[in-house]
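Novice: Spelled out, the chains give:
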Amino acid sequence: MKYSDPYLSGVALGLVLLAAFAFAGRGLGASGAFATTASGSVAAIAPAYAESNPYFGRYLARPGGPWREWLLIEIAGVVIGGFASAALAGRLRRGVERGRGVSIGSRLAIAFSGGAVMGIGAVLARGCTSGQALTGGALLSVGSWGFMLSAFAAGYAVAPALKRAWR
Amino acid sequence: MSDILLPLAIGIAFGAALERAGLGNARKLTGQFYLTDLTVFKVMFSAIVTAMLGVFWLSRLGWIDLEAIAMPETYLRPQIAGGLVFGAGFALAGLCPGTSCVAAASGRGDGLAVVAGLFSGVLLAGLSFPLLIDFYDSDARGAWTLPSLLHLPYGFVVFAVVLVALGGFFAAERIEARTLRIGRTSLTASDQPSLTSREAAVGAKPAARQA
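So the protein sequences, as listed, match chains V and S. Under the numbering used here, residues 94 to 260 are what the first sequence spells out, in order. Under the numbering used here, residues 52 to 262 are what the second sequence spells out, in order.
Check the hints yourself; a few may be wrong.
[Stated by the list, open to error] To list a few chain V residues with every Cβ distance to chain S over 12 Å, as calculated:
hint	residue
1	141
2	154
3	209
[What the hints assert, rightly or not] The calculated label-pair distances, taken between Cβ atoms and stated as ranges, are:
hint	chain 1	residue 1	chain 2	residue 2	range
4	V	196	S	221	25 to 33 Å
5	S	124	V	246	16 to 24 Å
6	S	200	V	94	40 to 48 Å
7	S	127	V	253	41 to 49 Å
8	S	181	V	138	15 to 23 Å
9	S	54	V	101	28 to 36 Å
10	V	108	S	124	21 to 29 Å
11	S	192	V	257	36 to 44 Å
12	S	113	V	196	55 to 63 Å
13	S	191	V	246	21 to 29 Å
Don't read these hints as lab results, they were simulated from the structure. Quantities reported herein were computed from a predicted structural model and do not represent experimental measurements. Backbone N, C-alpha and C fix where the C-beta goes; we use that ideal spot for every residue, glycine too.
The whole structure should be built from the sequences, with the hints applied where relevant.
Specialist: Encoded structure:
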């Protein structure tokens, strides 16, 4: 099945974000779910260290603990919603998206390293495309717009070197 | 109970919107960086403009309280540096944190690899946080907004962002039309049926290769 019109799906996404602002008093996010999962995992292995670490410690100190974090539950919803939408549209398919220039193995390795680099960037920036670009973008936060512009600038700077992986 | 049901419902709608738009597909998403498919820009800016206008008008009408919405605090230099690192990773991964979860949920192995990479990256940054914390907390500007940066009224900035987005949509349509034209001529010229990339560019049929 064909993907929806980008403007219509964008408006729908904007209404979801607006609903989050109105009903939850906060916006969307994604990298925070990874941060709280990492904090909970470290705490399971080395509880005293995790609590003393200023990054993990913050997630551990939240009411309900790291596994009840709002963004983690929201991301569980994203997985359910993404799965259901793909199933309804006949787009559930096991496979690896890649260009003709790379093998499946190298695409997976590139994807993993890209994810790791993004994770480090998202920690420094206090969020990602969801929590900063979309949420802070709509609230006109200066830092969020700075994040969005610098992220796309870096993406465009790096992309030509990676063309073989995609085209 | 609503502290579970509300984020879960919002997440389900969020994931479905991303999937419907085609942003669970890394090939479609990376079209943004090669100017063959500007879906990322169109979806992001339609969403930002919709939510921005919603917040502006609902608060003006007194239906929502702006003060009740958590405003992200600005730490300008670390956020710009983080953005640069993030953007490089984004072009490598072909997916961002939210869309990688959608890609993984719809069966894509590369989505799962990005999810695993994100976890490792956040873990690594967390473990090295004592080295990062001074920079992380530097250049703190509080809840700083574009209207206060530009010394312009809130409504004026909202209107300007709408105009910039509309100009961007117009430019995006022209860029895509030009890329498609070039794609078509090179297709007949080179006699190479690059159907997969053309289909991905049009968004008609996502071209996933079977693992």
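Novice: Has the hinted range 41 to 49 Å been met by the Cβ atoms of residue 127 of chain S and residue 253 of chain V?
Specialist: 28 Å, violated
Novice: In terms of Cβ atoms, is chain S entirely out of 12 Å range of residue 141 of chain V?
Specialist: Answer for residue 141 of chain V: holds, closest chain S Cβ roughly 15 Å.
Novice: Has the hinted range 21 to 29 Å been met by the Cβ atoms of residue 191 of chain S and residue 246 of chain V?
Specialist: 23 Å, holds
Novice: Kindly confirm whether 25 to 33 Å is satisfied by the beta carbon distance between residue 196 of chain V and residue 221 of chain S.
Specialist: Given a distance of about 40 Å, which is not inside 25 to 33 Å, the answer is violated.
Novice: Does the Cβ-Cβ separation between residue 54 of chain S and residue 101 of chain V fall within 28 to 36 Å?
Specialist: 31 Å, holds
Novice: Is the gap between the beta carbons of residue 124 of chain S and residue 246 of chain V within 16 to 24 Å?
Specialist: 22 Å, holds
Novice: Could you tell me whether the CB distance from residue 200 of chain S to residue 94 of chain V stays inside 40 to 48 Å?
Specialist: For residue 94 of chain V against residue 200 of chain S, whose Cβ atoms are near 43 Å apart, the range 40 to 48 Å holds.
Novice: Would you say residue 154 of chain V is clear of chain S, with no C-beta pair closer than or equal to 12 Å?
Specialist: It holds; residue 154 of chain V is separated from chain S by about 14 Å at its closest Cβ, greater than 12 Å.
Novice: Is the Cβ of residue 209 of chain V more than 12 Å away from each Cβ in chain S?
Specialist: 4 Å, violated
Novice: Verify the CB-CB distance for residue 181 of chain S and residue 138 of chain V against the hinted window 15 to 23 Å.
Specialist: 18 Å, holds
Novice: Falls inside 55 to 63 Å, the C-beta gap from residue 113 of chain S to residue 196 of chain V?
Specialist: Check passed, 58 Å falls within 55 to 63 Å.
Novice: Please test the hint of 36 to 44 Å on the beta carbon pair from residue 192 of chain S and residue 257 of chain V.
Specialist: At roughly 40 Å between Cβ atoms, residue 257 of chain V and residue 192 of chain S fall inside 36 to 44 Å, so the hint holds.
Consistency note: the structure conflicts with the earlier hints numbered 3, 4 and 7.
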